[in-house]
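Visitor: Sequence:
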Amino acid sequence: MKEHIEQLIAAAVADLPELADLPDAAGVSIEIERTRDRAHGDYACNVAMRLARPLRSKPRNLAGRIIERIPESDSIEAIEIAGPGFINFRLSPQAFHDELIDILERGADYGTSKIGAGHRVLLEYVSANPTGPLHVGHGRHAAYGASMANLLRATGHDVHEEYYINDAGRQMDILALSVWLRMFAAKGIDAPFPSGGYQGQYVIDIAQDAAGQFPDAVDASKLVTGDLPADAPDGDADAYLDAWIEHTRQVLGEDMFLAIHDLALDSIIVDIKDDMAEFGAVPDEWFSERSLMESGAIERALARVAEHGKSYEQDGAIWFRATDYGDEKDRVVVRDNGRTTYFASDIAYHLHKRERGYDTLLDILGADHHGYIARVRGGLEAMGEPPETLEVELVQFVTLFRGEEKVQMSTRSGQFVTLRELRDEVGNDAARFFFVSRSNDQHLDFDLKLAKSQSNDNPVYYVQYAHARVGSVMRELDARGLTWSLDTARAHLGRLTEDHEQALMRRLARYPEMVELGARQRAPQHIVHYLRELAQEFHTYYNAHRFIADDTALRDARLLLINAVKQVIRNGLALLGVSAPESM
RNA sequence: GCGCCCGUAGCUCAGCUGGAUAGAGUACCUGGCUUCGAACCAGGUGGUCGGCGGUUCGAAUCCGUCCGGGCGCGCCA
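Here my numbering is used: the first residue of the first sequence is 59, the next is one more, and so on.
You can take every hint at face value.
DMTMM-like cross-link-like pairs, simulated, lysine to aspartate or glutamate; straight-line CA separation at most 20 Å:
| no. | residue 1 | residue 2 |
| --- | --- | --- |
| 1 | K331 | E343 |
| 2 | K172 | D417 |
| 3 | K387 | E371 |
| 4 | K60 | E135 |
| 5 | K116 | E89 |
| 6 | K60 | E91 |
| 7 | K172 | E61 |
| 8 | K172 | E571 |
| 9 | K116 | E126 |
| 10 | K245 | D277 |
| 11 | K60 | E130 |
| 12 | K245 | D274 |
| 13 | K245 | D263 |
| 14 | K116 | E76 |
| 15 | K331 | E479 |
| 16 | K116 | E138 |
| 17 | K60 | D132 |
| 18 | K280 | D313 |
| 19 | K172 | D216 |
| 20 | K60 | D95 |
| 21 | K116 | D73 |
| 22 | K172 | E64 |
| 23 | K60 | E138 |
| 24 | K331 | D342 |
| 25 | K280 | E312 |
| 26 | K331 | D320 |
| 27 | K60 | E89 |
| 28 | K280 | D248 |
Quick caveat, the hints were computed from the structure, so don't treat them as lab data.
Here the structure is a predicted model, which is why all the values come from computation and not from measurement.
Please work from the sequences and hints to get the whole structure.
Guide: Structure (structure tokens):
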């Protein structure tokens, strides 16, 4: 519809005689937008105001001359000039009726488009370190990422969802150490535990399993260390940890250390996969950082950086010239001990994404990673890849409250509320809906007490209730021995003359635009707000009029309308990963 | 100090990349179930869009600056 109006305007503007003298004015783009106020019709166009200056004409006069040249259309009932020079379009009833029928005929497909056809998007999200269960912050990432994947697919993009597993590196070593030390407790032997180790119950559970599988590793004599630096608070917790890791590697041997490391890793990844799957977030691929090292991808990436002269050696390390790309300082990619850094993995990973043929690398990252964006983009450029292919959406933090009290969370100390706990408390639907109801670049306050005690007040139920109510009406129809069908009802849509019905039809017709907007702006919250408005208008209608009327034609028309409402609510909720129950 | 995100009703937040009189939810007040589900609806109270300049037909939206909050600035990941 929007495109149709655009074409009408374009034809009219092209027909303006004065435009011939000013070829550059033709560059003014035609913008059609939805009106906010019903009194302004359905669509408005500002082209007359934009062209007024280059054409040295008054906006309202110009608008008049444009309107004279707009071709006839069955979809348009009226065109008028308003305000400073807007051209307002009022759609014909026929246009809305056609839309209702389209909704029911296309069903689950309604609202989808092909605007993203041919675009290959690699969508990476969550990618939490596998050092423990997902917490509520990851839940926000999962909800946002999965909803974005749905939106992008609905608009025709070819989307590949991916979770990057940081299965190499120091954090995993600390986890392996933590598990090993807890294995002693499983066998009734006292063992020290560094202040910086992972302290959650899940570590103890994994250790129980590991102690059974690797009994030889639980040997009190292996706990005897030489001099170690002091642990916090007297000393440096990190130095203490590193000394312990080094010690553990030696007394256990690389193979045993790796065995415990991998047992812990596998156990946690299985847990994360289950958790996300239950939450409706199912990545197509789980991409291992270690695989980058083993396949030589990191070396390849670093070689490309070197070829472009964007790295150098200093102090025994290899540095990437990040300052050439606006970073504050150059960054190490290979340490003086020969090991590559996380950053090296990351640019190699992004190169690998490009090598797999993706046009857009959409990363969903925590807000604390923002300092990283320019660097990775610089890395891509330094490897000869277009830097603009990397697009990053930052997700701001979730602050948990229990009533008035802020809940402090720290993965390392094991003090956090897990995603699983949250889902158990408020349910998947409420959690998914709540997480994407706020813009991702806004901080999110999540009050657990409120979510638990008043879960019935959650806005998700408001929307689901509208859907269930239509189901209920159709069951009532059946109970009364009446029937309804699209084919007989379509002839009576002219009976939908009430204000509430007009408002609903207008709203329904906007849905495809909302899907497009949500996908384009990477903003699923538009769908949330739209659904609330649609549900609100439906509830108002419900309270004001009876659908199962004695007048058959009127009844058929109204039932067609509310079934269209039901279909659109279902489609919108599906994008958000929220169920649409028939009854509740 | 530098960089990124943000500041909109008492509270939590939208505001469709510059449009017409700034919107929801919640809280508070009033009213509506013998009638398709009251997990609902109708009405009311509530705003210098953080402050000040600028850009233009037009600014909550763009630019500058100041104030206030969050996050980041490792040979950690």
